[in-house]
Each structure stands twice: as C-alpha cells, then as structure tokens.
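Asker: Sequence:
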Amino acid sequence: MSEAPAAPRTASADPTAAGTALLLTPPRPRAGWRLLPARVAAMCAVELQKLRHDRTELYTRAVQPALWLLIFGQTFTRVRAIPTGGIPYIDYLAPGIIAQSAMFIAIFYGIQIIWERDAGILNKLLVTPTPRSALITGKAFAAGVKSLIQAVVVVLIAALLGVTLTWNPLKLLGVAVAVVLASAFFSCLSMTIAGIVLSRDRLMGFGQAITMPLFFGSNALYPVSVMPGWLQAVSKANPLSYQVDALRGLLLGTPAHLAADFGVLAVAAALGIAAASSLLGRLAR
Numbered sequence: 010m011s012e013a014p015a016a017p018r019t020a021s022a023d024p025t026a027a028g029t030a031l032l033l034t035p036p037r038p039r040a041g042w043r044l045l046p047a048r049v050a051a052m053c054a055v056e057l058q059k060l061r062h063d064r065t066e067l068y069t070r071a072v073q074p075a076l077w078l079l080i081f082g083q084t085f086t087r088v089r090a091i092p093t094g095g096i097p098y099i100d101y102l103a104p105g106i107i108a109q110s111a112m113f114i115a116i117f118y119g120i121q122i123i124w125e126r127d128a129g130i131l132n133k134l135l136v137t138p139t140p141r142s143a144l145i146t147g148k149a150f151a152a153g154v155k156s157l158i159q160a161v162v163v164v165l166i167a168a169l170l171g172v173t174l175t176w177n178p179l180k181l182l183g184v185a186v187a188v189v190l191a192s193a194f195f196s197c198l199s200m201t202i203a204g205i206v207l208s209r210d211r212l213m214g215f216g217q218a219i220t221m222p223l224f225f226g227s228n229a230l231y232p233v234s235v236m237p238g239w240l241q242a243v244s245k246a247n248p249l250s251y252q253v254d255a256l257r258g259l260l261l262g263t264p265a266h267l268a269a270d271f272g273v274l275a276v277a278a279a280l281g282i283a284a285a286s287s288l289l290g291r292l293a294r
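The opening position of the sequence shown corresponds to residue 10 in my numbering, with each subsequent residue numbered one higher.
Note that these hints are calculated values from the structure, not bench results. We treat Cβ as the ideally placed atom computed from N, Cα and C, and that holds for glycine. Be careful, since some hints might not be right.
[As the list claims (entries may be wrong)] Here are the simulated distance ranges between beta carbons:
#1 K180 <-> W239: 29 to 35 angstroms
#2 T65 <-> P232: 22 to 28 angstroms
#3 T69 <-> W124: 33 to 39 angstroms
#4 I96 <-> P138: 48 to 54 angstroms
#5 G262 <-> A71: 40 to 46 angstroms
#6 G214 <-> T65: 23 to 29 angstroms
#7 V136 <-> Q58: 20 to 26 angstroms
#8 I96 <-> I205: 27 to 33 angstroms
#9 T137 <-> F81: 18 to 24 angstroms
#10 N177 <-> V136: 32 to 38 angstroms
#11 I130 <-> V88: 45 to 51 angstroms
#12 L179 <-> Q217: 34 to 40 angstroms
#13 T69 <-> A128: 22 to 28 angstroms
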C-alpha cells in the first residue's frame, strides 16, 4: 500500500524562503504624513541638543526681556500714563515681553537654514524621501520649542519681579500652544525671506527692519484703543497682537478673544509653512 503524500510545507515554515521574500519585497515606505511627526521630533531634539551643549544663548537672551520688565515696566507703572484696565503696567507688559522674546528668537531662524545650505546639509535633506513641508514644519516647531524655553525664563523673571500670573496648568498649556504657533509663523516668515534674499547679510537687514515694526505695531506695549487709526489697522493684521491678546487672557485673566486668537495663529502658521516650503527649492539651488 502506497504511503500518503506528505503535506506541503507552508511558506512560514521555511526560514530561508521567508528571508528571501523579505529581501525581494522591501518594506513599504512611509507616507509623508507619517514622516511629519518623526521629522518634528528630530528637529526639536537637535535644537535641544544644541542648548544642552551651550546654554549661554538662554542667559544672553534673558537679558533684554529682564531689562524691559525691570526698567520700562517699573518706570511706566509709576508714571501711569498708559491705560491698562486697572492692572499694574508691569503686569500688563509681561505677556507682551514674552511674545517679543519668542518672536526675536524665531524671526532670525532663516539664518540657520542659509547656513545649512552653505554647508551642504540642505541639499542632503532635500534628496531624502521626506517632503519639503515636513522639513519646514520640523524646523518651525523646533523654533517653537526654543521660544517656549525662553518664555519659561521670562515668566520666572516676571514672577520674581512680583507680576501676578496664573499657575493654572490648563491655562499654562494654552500659553505654550500660543507661543509655539506664533514662533512657527515667525520662523517660517524668516525662512520665506531667506528663500527670497538668499543671503545671510540681506536676511539680517530684513529681520532688523521688520522686528521693531511688528513689535511696536502690536498691543504688546499699549492697548489698541490708544493707537492712531492707521496703526490700529496694522495691529489687526499683525499676528503678534493675537498672540499677546491670548497670553494676557490666559496669564492675567483679562478679557480676550481666545478662539479668534488661536484661529488666527493656526492659520498664520499653516500659511507660513506653505510659503516657506514653496521657496525651499529656490534656496537650495
């Protein structure tokens, strides 16, 4: 009587065949939307690594906001020339200085991407499968992390000077979101300008030319109601004004339009990422 035929071996039972199939069939590449969180995390890690090796940037950047609060804030608190709705002027000023210090970090972020181009790093990044929008988004939110660290330093300085701030965790989380979104926009604005001027020297000139108008054309130092009509129109188009309004509402409890503020900041960040991504190829040529 003949023997029954042996059962065929399954593919999983043959390790050699399984290994050959894995070599012949490479893993499916991740889509761009799945690369974005990894790129954002990688860029943030790089920035934090730089700060860990050299903390002098945090110390030096804390000097200017400390002087604004210590000299300008306390002086105008005594003068009482600016209407602040019944709160001390130094309290009114503190959220504006937080926004200012974060903007000053982000607005020169395009210098780094020009340096990366000159060093050949940018071209190497562009030949990877990572979408350009993912690269820009990662850099933008890395700037947001640096600005957030600076904001924490300014909050601590303000607390030491006696500024009455909230310590509600949910409100502080809202403050962090506002700082990151605004910093993402201003860093993308800087990278967009870098894609147009293509030079560090020109970018420094443009950065210095727009920082003060953005700062003084916002509600960081004084209410919108005391501005002339044309400056009120500038303030309404200035994303920094919406950031300051959100920070005051969250930190001081003053009347604010939080939904509109966060909506404008989110749209501005998205438009900034789109604009900078479209000019990234021109910067790399």
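Asker: Does 22 to 28 angstroms hold as the CB distance between T69 and A128, or does it fail?
Answerer: This hint holds: roughly 24 angstroms between Cβ atoms.
Asker: Are K180 and W239 spaced within 29 to 35 angstroms by their CB atoms?
Answerer: Because 34 angstroms falls inside the window, the suggested range holds.
Asker: Starting from the range 33 to 39 angstroms, see whether the pair T69 and W124 falls in it by beta-carbon distance.
Answerer: violated, 19 angstroms
Asker: Taking 22 to 28 angstroms as the hint, is the beta-carbon distance of T65 and P232 inside that range?
Answerer: violated, 36 angstroms
Asker: Has the hinted range 18 to 24 angstroms been met by the Cβ atoms of T137 and F81?
Answerer: At 46 angstroms between Cβs, range violated.
Asker: Holds or violated: the 34 to 40 angstroms window for the beta-carbon distance between L179 and Q217?
Answerer: holds, 37 angstroms
Asker: I130 and V88, beta-carbon distance inside 45 to 51 angstroms?
Answerer: holds, 50 angstroms
Asker: Note whether the CB distance of G214 and T65 lies within 23 to 29 angstroms or breaks it.
Answerer: holds, 25 angstroms
Asker: Using the Cβ atoms, figure out if G262 sits within 40 to 46 angstroms of A71.
Answerer: violated, 26 angstroms
Asker: Evaluate the given range 27 to 33 angstroms for the C-beta pair formed by I96 and I205.
Answerer: At roughly 41 angstroms between Cβ atoms, I205 and I96 fall outside 27 to 33 angstroms, so the hint is violated.
Asker: State, for the Cβ atoms of V136 and Q58, whether the hinted interval 20 to 26 angstroms holds or is violated.
Answerer: holds, 23 angstroms
Asker: Quick check on a hinted range of 32 to 38 angstroms for N177 and V136, using CB atoms only.
Answerer: violated, 47 angstroms
In summary, the numbered hints that this structure violates are 2, 3, 5, 8, 9 and 10.
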